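Add chain F to chain Z, keeping to what the hints say.
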Amino acid sequence: MPKRHSLRVDPISCDGHGLCAELLPELIGLDEWGYPVLRATEVPGTLLDHARRAVAACPVLALRLDRASR
Amino acid sequence: MTGIMQFAASGPRPLWYATRASGTIALLLLTATAVLGIAVGGRYAPQRIARFEISALHRNLSVLTLAFLGLHIVTTIADPLVPVSWWAAAVPFVSSYRAPWLGLATVASDMLLAVAVTSAVRLRLGRRRWKAVHWLAYAAWPVALVHATPGTDARLPLQLGLYTGCLAAVVTVVCWRLYRAGPGRVAARLSAALTALAVPAALGGFLFSGPTHARGGAPATPLTVRYGQSSARAPHGGSP
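Residue numbers (UniProt numbering), protein chains in the order written: chain Z, 1 to 70; chain F, 1 to 240.
Honestly, I wouldn't trust all of these hints.
Cut-off 25 Å, straight-line C-alpha distance, at most; resulting in silico cross-link-like pairs (SDA-like, lysine to any residue) [unchecked claim]:
no.: 1; chain 1: F; residue 1: K131; chain 2: Z; residue 2: D10
no.: 2; chain 1: F; residue 1: K131; chain 2: F; residue 2: R59
no.: 3; chain 1: Z; residue 1: K3; chain 2: F; residue 2: R124
no.: 4; chain 1: F; residue 1: K131; chain 2: Z; residue 2: L61
no.: 5; chain 1: F; residue 1: K131; chain 2: Z; residue 2: G16
no.: 6; chain 1: F; residue 1: K131; chain 2: Z; residue 2: R52
no.: 7; chain 1: Z; residue 1: K3; chain 2: F; residue 2: G126
no.: 8; chain 1: F; residue 1: K131; chain 2: Z; residue 2: V60
no.: 9; chain 1: Z; residue 1: K3; chain 2: Z; residue 2: L48
no.: 10; chain 1: F; residue 1: K131; chain 2: F; residue 2: L57
no.: 11; chain 1: F; residue 1: K131; chain 2: F; residue 2: L66
no.: 12; chain 1: F; residue 1: K131; chain 2: Z; residue 2: V55
no.: 13; chain 1: F; residue 1: K131; chain 2: Z; residue 2: P11
no.: 14; chain 1: F; residue 1: K131; chain 2: F; residue 2: L167
no.: 15; chain 1: Z; residue 1: K3; chain 2: F; residue 2: R122
no.: 16; chain 1: F; residue 1: K131; chain 2: F; residue 2: V74
no.: 17; chain 1: F; residue 1: K131; chain 2: Z; residue 2: C14
no.: 18; chain 1: F; residue 1: K131; chain 2: Z; residue 2: R64
no.: 19; chain 1: F; residue 1: K131; chain 2: Z; residue 2: A57
no.: 20; chain 1: Z; residue 1: K3; chain 2: Z; residue 2: A57
no.: 21; chain 1: F; residue 1: K131; chain 2: Z; residue 2: L65
no.: 22; chain 1: Z; residue 1: K3; chain 2: F; residue 2: L125
no.: 23; chain 1: F; residue 1: K131; chain 2: Z; residue 2: Y35
no.: 24; chain 1: F; residue 1: K131; chain 2: Z; residue 2: G34
no.: 25; chain 1: F; residue 1: K131; chain 2: Z; residue 2: V9
no.: 26; chain 1: F; residue 1: K131; chain 2: Z; residue 2: A56
no.: 27; chain 1: F; residue 1: K131; chain 2: F; residue 2: T164
no.: 28; chain 1: F; residue 1: K131; chain 2: F; residue 2: W86
no.: 29; chain 1: Z; residue 1: K3; chain 2: F; residue 2: G184
no.: 30; chain 1: F; residue 1: K131; chain 2: Z; residue 2: R39
no.: 31; chain 1: F; residue 1: K131; chain 2: Z; residue 2: I12
no.: 32; chain 1: Z; residue 1: K3; chain 2: Z; residue 2: G34
no.: 33; chain 1: F; residue 1: K131; chain 2: F; residue 2: R189
no.: 34; chain 1: F; residue 1: K131; chain 2: F; residue 2: P80
no.: 35; chain 1: F; residue 1: K131; chain 2: Z; residue 2: R53
no.: 36; chain 1: Z; residue 1: K3; chain 2: Z; residue 2: T41
no.: 37; chain 1: F; residue 1: K131; chain 2: Z; residue 2: D15
Note that these hints are calculated values from the structure, not bench results. Because the structure is a prediction, the values reported are computed rather than measured.
Just chain Z, same shape as in the assembly:
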């Protein structure tokens, strides 16, 4: 059964460091104040490694990758 991965930003924790948009520009853009805007929450398999890297890079652990089996 394929696993579905989805990105989530915790708006309380997020300080707008912007590292996630640097590492995963395919899925994450920044608004005019530097806070992330998700273009899509579902992460395709080809971007999974990049998504994990972006999650690990967040200095305030505000970006999470949730996994749920379909």
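Showing chain F alone in chain Z's frame:
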């Protein structure tokens, strides 16, 4: 191992040189790690390099710091001329050899170990718990610096310059971060800035009053004097 010990006990004392060199390098790397970490915390955003690169450099240098810290600890324990046990490397203030300074070293390395371990599992720990431990780095850095001030090489001008540079870098970045954290919380930021500025003032006064040499247990004094004479030929620090 005994062969290494015998070699170390005679002649140029490579272990002692390794201890001093790795300690100095570890302090430099720790300072760089701290400066980069504070820069990340203050959302430093340079034009030329990406922010994730600063963050990655902070993490990679922290691992390198631990490597040199490990070398510093292992060579200190392995050096038969310095009576330091494995226990003293883990539990603060149990060593009889230059007790206060070695105790500070153990305190600093224990704190850094806690910071490193919690950072390695920070995604599992969650932000709050990870950050609570991560603040210890702010305490570990000055403790490590104070531990370095009575060192064998601390009488060399170059080494003192190095310490001053480390101090200036960290205090500058801390003040920058406090400035960036504004506006608001003026009292908290001002008191933090005063604390940051009090560290070099206290350390400077401490060095000037000169209690740093020939302290500690009975065997410390002859050892210190003997090593002190050879300190002018320190193999590191860039002097010929």
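Could you tell me which of the hints above the structure violates, numbers in ascending order?
When the structure is compared with the hints, numbers 16, 27, 28, 29, 30, 32, 34 turn out to be violated.
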